[in-house]
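Use these hints to put chains B and C onto chain A, whose structure you have.
Listed here are the chains, written in short residue letters.
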Amino acid sequence: MGLGWYITRRVGWAVIVTFIIVTVTWALITAAPNPAVRQAATQAALDGGNPSAAAERVRELRGLNAPLHQRYIDYMVNVYTLDWGWSTMRSQPVTEAMLSALYYTVQYSVPWTLFTILLAPAVGLYSAANQYSWKDHLATGFAFFGYAIPNFFFGIMLLLLFGVYLEWIPITYNSDVPVFSLENARQLIVPVFVLVTGSIGGTMRVARNESAEFISADFVKTANAKGVSKLRVYARHILRPTMVPLSTTIVGQLLALFIGASLLVEIVFGIPGLGRLTFRAIIAQDTNLVLGSTLFFTFIATIGNLIQDLVYTVLDPRISFEDR
Amino acid sequence: MATDDQARFDQTDWEEIDESVDHGLSANTKVVLAGLVPLVLLYAYDYTLVGQYEPTFGFVGWGYSVTQLDWLFALSLLLFGAYGALPLYQAPRMTKYYWGEFKRNRPAVVSLAFLAGIFTMGLLGPLVISPPETDILIPYQPPLGFTIGMESVVECAGPVTEAGGQRVCHGSLAHPFGTTGSGKDIFRSVVYGMQITMKIAFITTLIVVTIGSAVGTVAAYGGGMVDEILMRYVDIQQSFPTFIAYLLILYIFGGGIALFILLFGLFSWEGTARYVRSNALAKVEEEYVKATQLTGASTYHIVRRHLVPNTASSIITDVTLLIPAFILFEAQLAFLGLGDSTIPSWGQVLAGGRDALPYAPWVTLIPGLFIFFTILAFNFLGDALLDALNPQAEAESE
Amino acid sequence: MDGSRFHSEGANSRRISRRRWLEALGVGGAAALAGCSGGGNETATSTDSSTPRDELPEVGGTYSRTVSSPIQTLNPIYNTEDGAGDLISYALDYTYAFTPGTEVLPQTAGEFTTDDSQVWVYSLRDNLQFSDPYGQVTAEDYTYLINEIHKSDWAASANTDSWGSDVNVEQTGELEFQIELPSADPFYPETYDPLLYAIPKDLVQPYVEEQDTEGLRQDTELNELQFTGNLGAYTLDTWERGNKLVFSRNDDYYLSGAEDMPQLFGNAPYFETIESEVVQEQSSRLAQLKTGETDVAAVPPARYDEFDNLNDVTVYKQPQPYNVVNSYNMRDNGWNAGPGNLFRSRTFRQGLACAVDKERLVRGVYRGLATPEFTWQPEWSKWYPDDASQIRTFGVGDLYGKEATQSRIKEAIDASEYDYSYDGDRLVNPSGDGVTLEIYHSAGQNTEKQATEFIAQEFSTNAGIEVNVNAIQGSEFAETYWKQEVPENPDEYEWSNGAYNAGPREVTSQNGWDMSMVLGLNTYPLNPLTNSVFFTVEESFYNPYGYVPEWNAPELFQQANETTSEEELQSIFSEIFVEISEAQPLGMLALDTDTPGYSSDIAGPEENFFSGWNFPGWYRQE
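Protein sequences, first through last, are from chains A, B and C. Under the working numbering, the residues of the first sequence are numbered 1 to 324, in order. Under the working numbering, the residues of the second sequence are numbered 1 to 398, in order. Under the working numbering, the residues of the third sequence are numbered 1 to 622, in order.
Pulled out of the complex, with its shape left as it was, chain A reads as follows (with noise of 0.2 Å):
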């Protein structure tokens, strides 16, 4: 009963969470009507045959007049063999649509993670150290920037300004140019800046809050004391146990920017990955990619809980995992 049998036991789970999920899922959908057959159905009348026959005809092609366990038996194993269907929308197969446009979030997803996990808790410490100082005041009010500012709004004035008015970035994203090049370092700068300055400010405001709780704490006025270096201080009594309630606030608060403002930044700065593919999916009614996307994304949030209790556990040696 250690920790590996923890982590066994906390995978397991997750596999369990994908599970439920994906279950919820497809009784949401099999709740509602299917738009294929009722396309099969207007089409046969305007054939001047019989919609109720052509209706059928589809059903069965698609399995959908299979008993109902048996639909959710073949759902789940498609889901689980990635075979996810075909996207009417872009006459291509789903997984085909989702890889292709993942290329371009991972493009600006990776360095905006990057920037935040590295940029937030040093200026949320920084700026605890120097409490009520004007330091603290210029990090508190730029994070409180970043978070206040709505991500799309921020972009589409960025885009006005550096972009149509002073013309320093590409209005419109392309696609041609390659992973590593300046061309896309430019065109990418602004929706990376605009993305890290909206994560930056909760996760640092989180630090900041915490790490102050344990400036103030017994054990650092002991190692002050003791004359530990200062970086020594932070780095290993404030910034570690400040780690454990913020790794609880920021794999969720990354997640949910990912989900939120990726497909926004995504629209206002066009660039064509998962976020904008999954609101063209809704837009067009393209049930097999909004399923395909939505189980995309509660996957990623499944394998980041997952990330995150295990990096608490880790983190935190008072809280004692063996009798969970």
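These aren't lab readings, by the way, just hints derived from the structure by calculation. Among the clues, some could well be false.
Each pair of labels, with its calculated beta carbon distance range [claimed, not checked]: (1) C:Y493 to B:T29: 41 to 51 Å; (2) A:L161 to B:E286: 46 to 56 Å; (3) B:G256 to C:Y493: 27 to 37 Å; (4) C:N511 to A:K135: 55 to 65 Å; (5) C:P133 to A:E96: 19 to 29 Å; (6) B:G256 to C:S431: 43 to 53 Å; (7) C:W380 to A:M76: 50 to 60 Å; (8) B:R167 to C:E575: 40 to 50 Å; (9) A:L161 to B:A116: 28 to 38 Å.
A few chain A residues that face chain C, going by a derived Cβ cut-off under 8 Å, partial list only [stated by the list, open to error]: (10) W86; (11) M89; (12) R90; (13) S91; (14) A97; (15) P272; (16) R280; (17) A284.
Here are the simulated BS3-like cross-link-like pairs (lysine-lysine), alpha carbons at most 27 Å apart as the crow flies [stated by the list, open to error]: (18) C:K244 to C:K290; (19) A:K221 to A:K135; (20) A:K230 to A:K135; (21) C:K382 to C:K317; (22) A:K135 to B:K290; (23) B:K96 to B:K30; (24) C:K151 to C:K201; (25) B:K30 to A:K221; (26) A:K221 to B:K283.
A virtual CB, placed ideally from N, CA and C, is assigned to each residue, including glycine.
Showing chains B and C alone in chain A's frame:
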């Protein structure tokens, strides 16, 4: 129950308080009940006697038809008053102390004033200002002090001048913030948007805080199976991103503002629960809780009297993050064209100005700035509250 | 079935607004003729017809275009979108096209002839080649496509309704086939029904044998236009889904230098590549047009003046056939403001027509780039009544205003069996509540939103009816509001013709609605006979709004269908249009104009309905 006595801890009769909490009615509960009775009566009146399209308060000559959302809003205001504002009144000494701490943070005081302004305007503005009207002959009028080329407007509500061979239209007092592409007055739209914003903020937060803190503290204290089950559920909920869930539900069933509020309220408390739990978990280990436990206090007592008050700082931090998040979500959905278009929210006005950005940026800018400043104000406010409520951090920094 | 003439007919290439795109989608008709089809023996104003062969434009450069939304499919058998129709037409020609003046122009079909207007003969050119391994295009490819796919009951192709079972298609030679219609139709080409793409028989045969709809729909060669050989001016290189398409010059284009083509086709096409990119933000598209990053983008009315004044951009005013209509839901799930459905009363609809100031609408929302619509036909159409005085001009002059509106509505409610009345200026229902209706428009369409808000305001002011304005995603509206739920037992209804007219008024859509501005409908100015689909109830398969004509619509359209004399046809149409203006079956408001902005150095676009017919001859001026 003598509220005055409570002002002095040393004279408080703990027995009596325990009694009142566990068995009797607290002042807060009384206030809630006192407010609830007329609310329920009015609601019943509205839905039985008043026609669907008739104003509820027609009998006093107020031509406003109260919606479902308004009832919920009234309820949430009542609860916030009873559990947020009333305790401050009940404990004047603590209130004074908190205020003393709070007002040292100047941005927070400004924020509070700003939010109070938004709140008052949102609540009372629609009573005195008539809703914005469409006038397609005066689209994209500039705000007072700004101009726009005549080629972008059809007619000009303000003065027209010649500048460099081009005729320009000036803003006028009739439309101090200018107009949208349909000729709707932006100032009025903003005032009406305030109310929507407040409704979204209060109702959703109420639901989230209630469920979230209850689940979080119970899980932390209960431990074992209780913790396991609650947190596993939270896991599932957290893995289903609310925004995506909302889009999915919107895709399948369609939806309006009421669904938005309900869905976000019911399915975004997992963060609060986790946060509260992780803080409470640390607190459960603390001596005083153990001591109380040893004295044989009930679970409810410990949760209500010790865990909830002591995780208040976590809850407040979280609430001040949540309210802006909801305002933002609404604006995002409106921007995507998936929001409830029948309500005059800021997000709707902002989204409507998107195409006109290069030549009439104010249509986007003005509601955008209101959203920005409101979210900002909530942040400053939350930050100051946290500092005021967390004397530990305070003592050290001095 | 007579209603099989249901197509989106627009000859213009740029179907910008979603509402129109949806119309194409909704009717499941052939893709728009998508203007950019080459061919013609008549050149038009801006392409200099006197250019001698040795002075043909230089080949080179890139023609880049931006569009607002990505296309769903390029599969020519299944495409129903105008936008995708444009793109397909770069790589694959239709059998014929129209030049200004509605002249039929031969494309892949060198000739399209008839002796008696009933049997039409297609004679294909002899230099048509598919890509390897499909070889030469023969008549069999076409007849196989029609008989085995379009006419089949399993394939559900986009052109199914053009090829009813009573249309006989036979191959009569290696390169010749004939179409025998059930009755004579001198304007058959104008219906766009006989428009065909060349699709290799060998490519589709396996799917036909298996009746594999999914397979046919998802075939890579069809979806990526890999079979097009020399059949289009350009060939598709890459299709980056949801984002970008790149075409390159087809050196073997079969019309290049063809004897019967305008001289400009001598060395056509003249661009080395075409790039078509999706840019979602309108302001970004226009910024690109301004800076010259793109060669064409749609200019909205509100920015027409601004772009018209630019030196580097030329904005063309192109008439288009779709109207701006407020559809009243006369089915049982319409009129949700009380008992009865007042929309069913002609007098009531006339009253509503008097409530909206059409001139103000045109001036305010469309900035003068539209004309008020009083009947189901644009004034520039040659079928528009010569004597326009008989057309009732609702919404203008005496036929506009509170008095005109309320007097008619009062008359209508007096005749109604329910006790509606006016309380002051407010229309109240029998239980004493004010009448409040819901109106829908497409989300994100600013011009449409403004028009809708204006109508809501006018209804409130003049008719005393409160109107709530709802934005909705177009495809959602089409699926769950506009289409009815096809009943399980269609045979038990008087008629049931598919989801757009699934039966009489008791058959309804999934969601109730009162009024909609989401869809604009085609007025079919080239062949108004097609309009029968909107106004004849039982035979037609398009009646989402549940209209039942108070006039003898079926007989009039039948007469028009039977006559072969143009003069007689003209007078029947006049009668029809007068009746429509009287009946107000839908709230006809305006006919707007397409205003695409092109880089000034692009030679080719024209200010007419047919612009784009000679697209292979477009080039960049020095």
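Hints numbered earlier in the text: which of these fail when held up against the supplied structure?
1, 6, 22, 25
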